[in-house]
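J.: Note that the working numbering has the sequence shown beginning at 35, numbered continuously upward.
Now the in silico label distances, taken between C-beta atoms and shown as ranges:
(1) R133 / G106: 31 to 37 Å
(2) V111 / E46: 45 to 51 Å
(3) G58 / R83: 31 to 37 Å
(4) W145 / R114: 48 to 54 Å
(5) R144 / G106: 49 to 55 Å
(6) G106 / T81: 30 to 36 Å
(7) L90 / R39: 45 to 51 Å
Hints are computed from structural coordinates only; laboratory data are not their basis.
Glycine is no exception: its CB is placed at the ideal position from the N, C-alpha and C atoms.
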Amino acid sequence: MSERRIAAGWYETRRRGTLRWWDGARWTDRIAVRGRETTLAEDSASTRRQLLICELVLAAVLVASILFALWGSLPVVVIRPVIVGTGAALVFTPFVISRQLRLVALPARRWGVPTLR
Numbered sequence: 035m036s037e038r039r040i041a042a043g044w045y046e047t048r049r050r051g052t053l054r055w056w057d058g059a060r061w062t063d064r065i066a067v068r069g070r071e072t073t074l075a076e077d078s079a080s081t082r083r084q085l086l087i088c089e090l091v092l093a094a095v096l097v098a099s100i101l102f103a104l105w106g107s108l109p110v111v112v113i114r115p116v117i118v119g120t121g122a123a124l125v126f127t128p129f130v131i132s133r134q135l136r137l138v139a140l141p142a143r144r145w146g147v148p149t150l151r
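Put together the whole structure using the sequences plus the hints.
T.: Written out as structure tokens, the structure is:
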């Protein structure tokens, strides 16, 4: 099936809950995230803001748990999993978010969905 014959419309991307508009000839920047229409640039900016807030909260939790471990009454054995988990989340969250940003631009790998060229 040639891409020229594929009708214009919303098609799934590789990110769950996101559709991208195919105008009949090429992919546009228009996307729909869980029913709300936006553009790739707006979605990327929104996701980056959420990432920044998430990283700031995780950093605050990490610092608070370290300070609590140093001067708190709970043993380190109780606080250590919080410190390790928060530190790991601080490291891995940006990688997960950047992967999601890449997936939103890619069409789903299904028959009848135009490929990205």
